[in-house]
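Protein sequence lines, in the order shown, are assigned to chains A and B. If you read the first sequence in the working numbering, its first letter stands for residue 1, the second for the next number, and so on. If you read the second sequence in the working numbering, its first letter stands for residue 83, the second for the next number, and so on.
Take these hints with a grain of salt, some might be off.
Simulated coverage check for chain A against chain B, where a stretch passes if three residues somewhere in it have a Cβ under 8 angstroms from a Cβ of chain B [said to hold, decoys possible]:
hint, region
1, 34-41
2, 59-65
3, 68-77
Heads up, incomplete: computed chain A residues facing chain B, CB under 10 angstroms, no partners named [claimed, not checked]:
hint, residue
4, Glu18
5, Glu25
6, Phe47
Think of the hints as simulated: they come from the structure by calculation, not from any bench. A quick note: this is a predicted structure, and the numbers were derived from the prediction, not measured. For each residue, glycine too, the CB sits at the ideal point set by N, CA and C.
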Amino acid sequence: MSLQLQPVQVATGSEDQESQLVFHEGFLVAILVRLSDLHETDAGKWFLEAGFGRVTDISGPTFADIDEAQAWICARLGSSGT
Amino acid sequence: MQDNDTAGAEDGTSRPDGRAANPLILKLESLAPLSADDRAVLERISAKPHLVPAGTDLIGEGDKPDGVYLVLDGIACRYKLRASGARQIMAYLVPGDYCDLDVAMLKAMDHSIGTLSACHVVRISLDVIQALLRDHPGITHALRLATLVDEATLREWLVNVGRRSAEERIAHLMCELLLRLRAVGRTAGDGYALPITQEDLADTTGLTSVHVNRTLGSLKQRGLIALSGRQLRILDLAGLETLAEFKPNYLHLGGRDAA
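Turn these sequences into a full structure, and let the hints guide you.
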């Protein structure tokens with residue numbers, strides 16, 4: 001499964017700005033935001049700012065790097081659950 | 083400057099012997115008048131607290147209730163856990179708060195009660211509670227009012243997680259805690275100890291830790307609060323109340339009957 005990333009800046013109302021729109025088969029499935037120094041030990045991690053459809057997750061997971069985030073999104077898209 | 087004021091020192095609730103006044107008595111007296119005898123009984127039942135470390139269950143979901151837990155210091159909470167480990171906190175027990183007088187009517191707890199910070203806690207046996215309710219109508223009246231306030235607070239928290247923004251949720255909680263802690267002499271001016279983690283705040287307000295962190299940053303940047311260590315100072319109370327649309331009516335403070 002391949003995902004397409006598009007760098008953007010998201011107005012989160014904080015220093016967390018560097019972001020990626022994540023597309024799958026032309027559909028926007030997630031928005032990942034890189035956590036700024038505001039988050040101390042979590043700085044540099046990627047945060048699931050928003051997920052759509054099967055990628056929805058209200059717990060707001062964070063990922064050590066963009067590859068881990070993509071793997072998680074792929075697993076969600078590949079799963080048969082809702 | 084580090085804001086390390088000792089809670090209770092500035093609100094006229096310290097006793098001549100230097101010990102903070104009994105928060106249960108202060109809480110109940112904020113709702114209804116008590117007699118000297120009532121106060122003496124309440125002092126007696128809360129005389130020997132034990133120290134419970136942070137993150138400890140006082141009673142867990144499914145347990146048979148074995149008494150009423152009264153918090154004299156620290157913050158505990160009511161919570162439920164999902165199978166995934168996700169936690170929702172439904173209430174804070176601050177000094178003077180206790181859980182469920184009529185809990186003995188239940189065979190098993192439907193939620194858990196645990197400490198968020200280290201707490202001084204007293205477990206009051208169900209027999210003692212029964213005697214209290216039987217022999218002390220003034221206390222009974224105040225306890226019933228307190229139950230109404232607990233229910234009203236739960237309604238307000240439901241509005242919080244359902245219909246308020248991240249900033250509004252946290253601002254509302256901070257305004258509420260100021261009044262609740264002030265009623266039991268645990269504030270210093272417009273500040274108080276908030277010995278809980280951002281994760282606790284997230285699980286209370288239905289937000290992620292990331293959003294809590296951003297929101298606290300925003301409230302600080304707007305000059306509404308200062309948070310240093312675990313000490314919160316509200317710098318602009320009117321501004322925070324306006325942001326949260328905070329109306330303290332549900333707390334029924336001031337000794338008037340709840341309506």
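*Which of the numbered hints are not met once you compare them with the structure shown?*
3, 4 and 5
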